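Peer 1: Residue-level listing of the chains:
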Amino acid sequence: GTAEIKVAAASSMKLVFEEIAKEFHDENPGIKVKLSFGSSGNFFSQIVHGAPYDVFFSADTNYPRQLVKEGKSLGDTPVALYAIGRIVLWVPDSVGLNVKKEKSATLLNSKIIKIAIANPKHAPYGRAAIEWMNKTGIYSQVKSRFVLGENISQATQFVHTQAAQAGIIARSLVANPEMKSTGSFWEIPTDEHSPIEQGFIILKGTRNPLVAGSFSEFVTGPKGSRILKKYGFNIPTIHGRGLL
Amino acid sequence: MAEKLLIDIQKDFPGRQVSIQTELELTPSWTVLFGPSGAGKSTVLRCLAGLETPDDGEICFGNEIWYSKNQKTCVTPQQRGTGFFFQDYALFPHLSVKKNIGYNLTEISKDEKNKRIARMVDIFDLSKLENRNIQSLSGGEKQRVALARTLCRHPRLLLLDEPLSALDNPSRIRLRKELRDLLRQFKIPVILVTHDRTEALSLGDRMIVMNHGTVLQDGPIAEVFSKPNQKTTAGIVGMENVFPGSIREKKDGLAIVEINDNLLEAANFGLDTGPVMVGIRAEDIVIRLARETNSSARNQLRGTIEAVVLEESLVRLTVNCGFSIDALITRESKEEMKLDVSREVTLSVKATAIHLFPH
Amino acid sequence: MAEKLLIDIQKDFPGRQVSIQTELELTPSWTVLFGPSGAGKSTVLRCLAGLETPDDGEICFGNEIWYSKNQKTCVTPQQRGTGFFFQDYALFPHLSVKKNIGYNLTEISKDEKNKRIARMVDIFDLSKLENRNIQSLSGGEKQRVALARTLCRHPRLLLLDEPLSALDNPSRIRLRKELRDLLRQFKIPVILVTHDRTEALSLGDRMIVMNHGTVLQDGPIAEVFSKPNQKTTAGIVGMENVFPGSIREKKDGLAIVEINDNLLEAANFGLDTGPVMVGIRAEDIVIRLARETNSSARNQLRGTIEAVVLEESLVRLTVNCGFSIDALITRESKEEMKLDVSREVTLSVKATAIHLFPH
Amino acid sequence: MITDPLLLSIKLAAVVSALLFLIGIPLAGWLSITRLRWKFLIEAIVALPIVLPPTVLGYYILVSISPNSSIGSMYLDVFGSALPFSFPGLVVASVLYSLPFAVQPFLAGFESVDKRLSEAAWTLGASRVKTFLTIVIPSSIPGLITGGVLSFAHTLGEFGVVLLVGGNIPGSTQVVSISIYDQVQALEYEQAGQTSLTLLVFSFFVLSLVYATNRKVWTIWPKNS
Amino acid sequence: MITDPLLLSIKLAAVVSALLFLIGIPLAGWLSITRLRWKFLIEAIVALPIVLPPTVLGYYILVSISPNSSIGSMYLDVFGSALPFSFPGLVVASVLYSLPFAVQPFLAGFESVDKRLSEAAWTLGASRVKTFLTIVIPSSIPGLITGGVLSFAHTLGEFGVVLLVGGNIPGSTQVVSISIYDQVQALEYEQAGQTSLTLLVFSFFVLSLVYATNRKVWTIWPKNS
Ligand SMILES: Nc1ncnc2c1ncn2[C@@H]1O[C@H](COP(=O)(O)OP(=O)(O)OP(=O)(O)O)[C@@H](O)[C@H]1O
Ligand SMILES: Nc1ncnc2c1ncn2[C@@H]1O[C@H](COP(=O)(O)OP(=O)(O)OP(=O)(O)O)[C@@H](O)[C@H]1O
Ligand SMILES: [Mg+2]
Ligand SMILES: [Mg+2]
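Protein chains in written order, with this note's numbering: chain A, 1 to 244; chain B, 245 to 603; chain C, 604 to 962; chain D, 963 to 1187; chain E, 1188 to 1412.
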């Protein structure tokens, strides 16, 4: 018969997980993967209140860790990492700045009126952006220009519509052809902010722990990693459970 | 002993008060609420229907208490089972004429219902309008539909707020006649609000005259018309000679009417023998000193002048010919004939000047 | 030559058509649109006011084209400057009585405006209601407010749709008198819709009788009343002797009225010398063979019987006494006096039976 | 079973509108005739859900219908399945959220019906309920249609509440608004544009139909005498 | 300058409601009197924005007002500042989004006014506009209040559109709905609960006041004769 699992994933991971699910399905034709995307914060609330997902791939490690604390993890296993996000500074071509050359100084240019970032209060990409700006010492100069997206996708929309003139966004999103054709980016060095670790857990309520396990193994395995890399994620060196 | 409708209520409006205290027999009789605009007639009717709650007093319909301030009772309009005709029709704009008439006729079979509606349509001359919608009707057409709707339910007390006032003359006269006949079969007491004398005379058995929210006079209709208890009332009802009488026989297009043992000949417009209300305008009575012949004035009554009252340019004579009758003549006539109290005179009235109101 | 109001329109309703073709002089005169319920009177009035667009024809007010199917012209109600009185009042529910009356009086100064309102309040006896809201008014009170509102603007053509029909009798009689006087100063043509004969007679100079959407007769009011052109018209207007006349002098409470060189004495209820409309009911005329004395019937006319027509139980005599006059007597009288064509008779009428309608 | 998000949305909107007629008409009707002094408080309470951001409202609804709440566990006992993350859960949440958009116009419609029509019906023996059903409701068609249209459209476009209570599960709670949102989030603008256009065209068609019919109602009942 | 999100929301809702009266009343008025055959299409278009999820609508609004769009650049030229991520931008977006919630009840209100009242005003020489202002509007108070309340409350609770067009800038575009959302996302449930409660209490107070006053209007104008 056919088994089915429901996978909840951060909305910024939509393209990645659609590709992963497709390959997984090709490999295991008997298993149907139903993907739900959304804000990790919402998934947290929903899982606490009994949402019927099998695996939850968060955009950070905080929400899954909280879920473990709430006893929602299968067998109380701790959070495992599946990807490490990267941030880039993206500027639309119409602004007329060479971001690759000017790097962080781009943000100080007077043409940059608004800078889009994800809300650092609950989005890891936003936190990383702040951290980087603090480290390079431009935070206090640019802070007043921030516009905050609810998540990294929204921050991306802000710059993509050119309503904001610069954005610190996920590396995975600039791979999108829409973004490629309208602007250019500079990769922020990974050593200038703490790693954006993204973790997952298999949920206690799963009806099919075996399939859930095999899907998460697929994600963290070589095929998954290849796809994740393709979309601009780094792969955590140690996947091992119990890391966090 | 017939049951009674006891009304003793008071309703307060800012700067105005309407109060009434009366008792009506619950027999198939007509009570007319008469009075000028703003007298409080509609308010009384609305209190009776249960649409307005009085501020004090009580209303008892037979043994049923409809409203009592003391007992904190107020029966709903539905339970009272009265028929109410609204001064401004209150027809249902989204229903056809036919559906308006048959609204909420649920207790009877469908056949019976259709028959009743057909009868109403017939009586109120609505056959061409049956399926029309209300908004396309003219003023008078609306009124006829509203009448039909109210009567279709055979209510146990009928409250009519100026039912004929917006009708044109021919329809009004026709309906006035028919209304009484029609309602006779239903055997229900009717309370009619009107400010039309003819309507009151044709339809009313009893009359309650209201003004400024209070009752001025309350009594049999002939009495109120003939003997208003005060000047205001007289002004409101208008002066008339009105007597209860009865048609004794009919011959050659004449009706022989008996009033207090006197026989009068009246032009007969199709009334049957039986009780009638007889009205003679004071100004239609011709006074002469001697009997006369060879005149088309057929009724001659001998009597003695009881009172002579000057009224503006005219003189009002009250003549006793077994019963009191008023005549209005010019001052010149009075002078020429030297008319004065205790003088004997002949009153003559044309048969066509004797107005019979079916009763 | 006075300007004219030319009306030649047709309005189609599903299953019904209203059409009228007439020409009115734009002098301060009264035209009465008379007819039973559903005749199309309101429709004609609404077309004149510009509230309804006819389906064919034209309306010209003097040189102005108000509506023309051919020229595709249709002037707005605002530009026509007519005053319109709605059969169901159409008062503004959110404005006080005073504000209703003074609505859109913008062209005049505030002082002038207040004066005008005060005058209207006075004329229509609204002083106690001035600041009341419309919903708390009784039916008759509403009507008075609506009349005041329409007249307050001094319109150049006044269209009245049954303005007095819901008033109580005393108010109606008072207002009927006053309305003419009042409007005389405004010097505007008036078109009045009514189905009340007395109202038509008191107010109208000219009468257009309508039925089932068409004009039956159109002419001077006395002519229409006295000589209806067909049976339907006669049925609608009712039979009356109506003559234009004039009050020659007044003495001792009597008015001496001249009709076609004949002098009649009529009870005078405060009218001034000048032209009047004289109405005598056919049933009020007493026929005798010889002149007589000592009677309160003051008016005696000699004449020759021109026609004898049986009408149900009565007989209608047409007598020529310089002008034609109808009398209604019983068959018995006719037999007794052996009345027939070309016989000479005396007609006598009480002064109180001669009705004068101010004109 | 319906899997297409658009069809699912339409089904949801239809069910919710129908329920809102069932719930909203009696509620608005009661509000329009009650002489209760404090009725304005109830009106205010009915309108309250609008002032919370949908996702927050969704969060609170989720909390109160989840199987650990009393309502949620009762539902679980009776129907054997949990309310959140199911179609019935979506319906409950949307009804709550759209209630004011139905009740307010209904009420405004009922209140503008001439009081005397109801009085006439009462004296003709019709109960208050019958009067309401046969006289007041048919005389308030514009208000009812406004309420129906507002709540239908509002449910179609509803997102925050549905997202939280439904959980974006394809084929059972993923309505079209969420799927467009997903597409926009993933920067699939072209696809999002297409889905939006489909939704707009469909809605435009439905709304035009409703308004055109409503217009006709008034042509059948001309207002001039 | 207002920095408290609640006050900012109130300011936004007040400005938007006021603008909606200014825009919605003429629009609904025109719809109520026009004899245009195709007016139902316009009614449908007005209602359309509701059917899009707010964030998606927000995205499209953002695209069309961003400084490189024609509208956005025009605004920038005239006012010297960009429309997105500013209070005026929020106002524009909210007005667009809440328009149907104002126009629909307004229209229902206007259409239930007796045609003859307008006719009476016309024959008294009042222009169509004056008639509309002095007769139709005052006779449609329940509809106007419904529209006002719906749009005020709706703007208070608006989240998706405001988030996208406003950019969540504290003190200028961070309205209370966004700040509650942020708190819920950050799992600060207690704080979110408190802010929600404040918002609810305030809204309840305002709504009650509006409804209580509305009631009074009808007491001053009794409906029975
Ligand atoms: N709701 C109300 N508020 C204030 N006054 C009122 C109210 N209803 C009626 N009145 C007043 O009470 C008085 C009596 O009104 P009612 O309608 O009973 O008069 P009516 O005799 O029927 O007059 P009409 O013949 O003109 O219809 C009037 O002066 C009216 O203004
Ligand atoms: N909108 C309409 N649709 C269909 N028929 C109509 C419409 N308006 C009027 N009629 C019909 O046209 C005829 C004339 O109506 P109108 O209102 O002019 O009559 P009226 O003479 O004023 O009568 P009343 O004295 O009763 O007011 C009536 O039969 C009426 O039913
Ligand atoms: Mg009355
Ligand atoms: Mg009419």
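Because the hints were derived from the structure by calculation, they are not lab data.
Bear in mind that the values here come from a model prediction, so they are computed numbers and not experimental data.
Incorrect hints may have been included.
Derived lysine-lysine pairs resembling DSBU-like cross-links, with alpha carbons at most 35 Å apart [stated by the list, open to error]:
(1) Lys-248(B) x Lys-973(D)
(2) Lys-716(C) x Lys-313(B)
(3) Lys-1317(E) x Lys-716(C)
(4) Lys-421(B) x Lys-937(C)
(5) Lys-135(A) x Lys-230(A)
(6) Lys-1092(D) x Lys-248(B)
(7) Lys-316(B) x Lys-973(D)
(8) Lys-1302(E) x Lys-973(D)
(9) Lys-675(C) x Lys-701(C)
(10) Lys-731(C) x Lys-582(B)
(11) Lys-1001(D) x Lys-32(A)
(12) Lys-471(B) x Lys-941(C)
(13) Lys-702(C) x Lys-1077(D)
(14) Lys-731(C) x Lys-1317(E)
(15) Lys-718(C) x Lys-1302(E)
(16) Lys-607(C) x Lys-1302(E)
(17) Lys-578(B) x Lys-937(C)
(18) Lys-1302(E) x Lys-342(B)
(19) Lys-1077(D) x Lys-342(B)
(20) Lys-701(C) x Lys-494(B)
(21) Lys-1077(D) x Lys-1302(E)
(22) Lys-701(C) x Lys-582(B)
(23) Lys-100(A) x Lys-121(A)
Peer 1: State for each hint whether it applies.
Peer 2: Taking the hints in turn, this is what the structure says about them:
{"no.": "1", "hint": "Lys-248(B) x Lys-973(D)", "verdict": "62 Å, violated"}
{"no.": "2", "hint": "Lys-716(C) x Lys-313(B)", "verdict": "48 Å, violated"}
{"no.": "3", "hint": "Lys-1317(E) x Lys-716(C)", "verdict": "18 Å, holds"}
{"no.": "4", "hint": "Lys-421(B) x Lys-937(C)", "verdict": "29 Å, holds"}
{"no.": "5", "hint": "Lys-135(A) x Lys-230(A)", "verdict": "28 Å, holds"}
{"no.": "6", "hint": "Lys-1092(D) x Lys-248(B)", "verdict": "31 Å, holds"}
{"no.": "7", "hint": "Lys-316(B) x Lys-973(D)", "verdict": "51 Å, violated"}
{"no.": "8", "hint": "Lys-1302(E) x Lys-973(D)", "verdict": "38 Å, violated"}
{"no.": "9", "hint": "Lys-675(C) x Lys-701(C)", "verdict": "39 Å, violated"}
{"no.": "10", "hint": "Lys-731(C) x Lys-582(B)", "verdict": "48 Å, violated"}
{"no.": "11", "hint": "Lys-1001(D) x Lys-32(A)", "verdict": "53 Å, violated"}
{"no.": "12", "hint": "Lys-471(B) x Lys-941(C)", "verdict": "41 Å, violated"}
{"no.": "13", "hint": "Lys-702(C) x Lys-1077(D)", "verdict": "24 Å, holds"}
{"no.": "14", "hint": "Lys-731(C) x Lys-1317(E)", "verdict": "29 Å, holds"}
{"no.": "15", "hint": "Lys-718(C) x Lys-1302(E)", "verdict": "30 Å, holds"}
{"no.": "16", "hint": "Lys-607(C) x Lys-1302(E)", "verdict": "31 Å, holds"}
{"no.": "17", "hint": "Lys-578(B) x Lys-937(C)", "verdict": "30 Å, holds"}
{"no.": "18", "hint": "Lys-1302(E) x Lys-342(B)", "verdict": "25 Å, holds"}
{"no.": "19", "hint": "Lys-1077(D) x Lys-342(B)", "verdict": "22 Å, holds"}
{"no.": "20", "hint": "Lys-701(C) x Lys-494(B)", "verdict": "58 Å, violated"}
{"no.": "21", "hint": "Lys-1077(D) x Lys-1302(E)", "verdict": "18 Å, holds"}
{"no.": "22", "hint": "Lys-701(C) x Lys-582(B)", "verdict": "55 Å, violated"}
{"no.": "23", "hint": "Lys-100(A) x Lys-121(A)", "verdict": "28 Å, holds"}
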